[in-house]
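S.K.: Here are the chains, one letter per residue:
There are 2 protein chains.
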Amino acid sequence: MSKLYNVAVVGATGLVGQEFLKIVVQRQLPIKGLRLMASPRSAGRRLLVGEWELEVEETTANSFHGVDIAFFSATSEVSRELVPSAAKAGALVIDDSKAWRLEPEVPLVIPEVNAEDLQGHKGITAIPNCEVTPLVLALWPLHRVTPVRRIIVDTYQSVSGTGALAMQELTEQARAVLDGHRATSHIYPHQIAFNVLPHVEPFLGSGYTREEMSVVNETKKIMHEPDLAISATCVRVPVFVGHSLSVHVEFVRPLSVEEAQAILREAPGVSVQDEPSVNLYPQPWTAAGKDEVFVGRVRQDVSHPAGLALWITSDNLRKGAALNAIQIAEELIARNLV
Amino acid sequence: MSKLYNVAVVGATGLVGQEFLKIVVQRQLPIKGLRLMASPRSAGRRLLVGEWELEVEETTANSFHGVDIAFFSATSEVSRELVPSAAKAGALVIDDSKAWRLEPEVPLVIPEVNAEDLQGHKGITAIPNCEVTPLVLALWPLHRVTPVRRIIVDTYQSVSGTGALAMQELTEQARAVLDGHRATSHIYPHQIAFNVLPHVEPFLGSGYTREEMSVVNETKKIMHEPDLAISATCVRVPVFVGHSLSVHVEFVRPLSVEEAQAILREAPGVSVQDEPSVNLYPQPWTAAGKDEVFVGRVRQDVSHPAGLALWITSDNLRKGAALNAIQIAEELIARNLV
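Protein sequence lines, in the order shown, are assigned to chains A and B.
Residues in the first sequence are numbered consecutively from 1, following our numbering.
Residues in the second sequence are numbered consecutively from 1001, following our numbering.
All clues stand as given, with none of them false.
Among the chain B residues that face chain A by a calculated CB cut under 7 Å, a handful are:
{"no.": "1", "residue": "ASP1154"}
{"no.": "2", "residue": "PHE1203"}
{"no.": "3", "residue": "VAL1239"}
{"no.": "4", "residue": "TRP1311"}
Source of the hints: derived by calculation from the structure; they are not laboratory data.
Only a predicted model underlies this, so the values are computations on that prediction, with no experimental measurement involved.
A virtual CB, placed ideally from N, CA and C, is assigned to each residue, including glycine.
Throw the hints in and build the complete structure from the sequences for me.
M.R.: Laid out in structure tokens, this is it:
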């Protein structure tokens, strides 16, 4: 009989936590016990997970006794504070915050790309930012054939990346605008309904945002390419679920569109949607709720002899977060690393 | 006394035509007579322009007798058919369609950039695509100081670029989605509400769209740089008015952020909105209804030693279309070219 695990989900009531619980059931992770944890505000709530009805507990430093795998989807502050306690108690942590991703001893993993980085883990692993995972998942198979030299990416990120309150804000603002009223903003600094904001996460001194530098630094780390040239502009758009990326890649040698499409068609986790003649290309509305990273609009970049342009969309709550975390757990189990 | 002109507006009932009529009054173009023209469907409608109430006439090949300046904001098909008749009748045409822009003998003009190209006109002039004008207006003053070598631009284009019916479609779809109903699409191939579509204008064999190649070819023509490297991905977003552009520029030599901002602050038609510390950056919601092209998020591109990244937003109906056309008329008048 194969081993069963005690799993804790920190942030169980959040959007990513909820998605995690759905996928855990779908994929039949070998679970012995499941504990749902959240902030004191949510403690006591009862959630249905598959056939189990479970009560949400408050997360504290002492919560992790007996836990084998702890999935954290909380703020960076919570992760920074509680992840070490969980690891010390013997849980293997899979963290979804920015807190640990760039720590050298923390594997930052997309299983289809760098599962072997899990090998040396010290009790804490991390999943990449929700737009980094689709970017690297799509570029990695191309990079293995013809190395990538430079990446320019502009994002179209949905409000679910911010959380449930942002989805509510978009709903309320959209209704207000349609009814001819003024929209009020609480979560974002400006109206997001029928608007776009070139502002995801706080600004840094360089003029980049923390989100944009996540794209830069996490991509380099996952690809083991510290000298890769990469730049990003991260933009919030009035979409509920699904992040899209417009990507311009330079390779060391030209890669034809047909070759790139053929490689992507074989790539695990990737689905090519690229039939302009029938208006088939990735869209957030159709990617939401799906596991795959959708790639389309692959074309020779007219501004560079060895460049390709492409368009990527994926569900930021699934492959961008919860699904990737569960795949890491599956990989850790398969490798006897937990 | 200065000369007065007979002006015709073809497409007077469209979104750009309406904006044109507002701006004509605001800027007091020296008009003797104003004739409103449109398709047979709109003929007979009466419109208020300043203090005049005018009846819309059907546009035909014989409509242009006595017209000095004819502004066309119609489909490419209509422009291709009727612009020659207008020019033959002696009207100076300012055309807003894609039909004539790349014709070698047709000046394609942003007055702040290449007004002198009007000099040799043969009766037909054209205004650039609504996202090309802000792009070139912002890059031109930088290019004059330090030549631009390559441009990568990804757009966030509003539905008013398609027209009034697209604005109605966004409104109706947004209501449907908020009410939990299915959205139906007539104007766009897929839902635009709470979605983004990497699809503006038809696809070409190369995988680029006609809109994307407009960005490429019109930019080269206006800047008189046929060998400029430039690539674009054009994306429709659920915004009513205001096109935004995420731009990554490579120069022949490094240009500092401070220098670029200083140049842009002096540039005609440009307004710098670049104070990340107080969340000040261009947004379509705030740019709509304004004349300026707003530029912000100027920063050293971390992926290129002589690169800058920036973010541009402008009202696609005003500087992107009607205002630029009126400025061309003013320039033609000032130069005694009409």
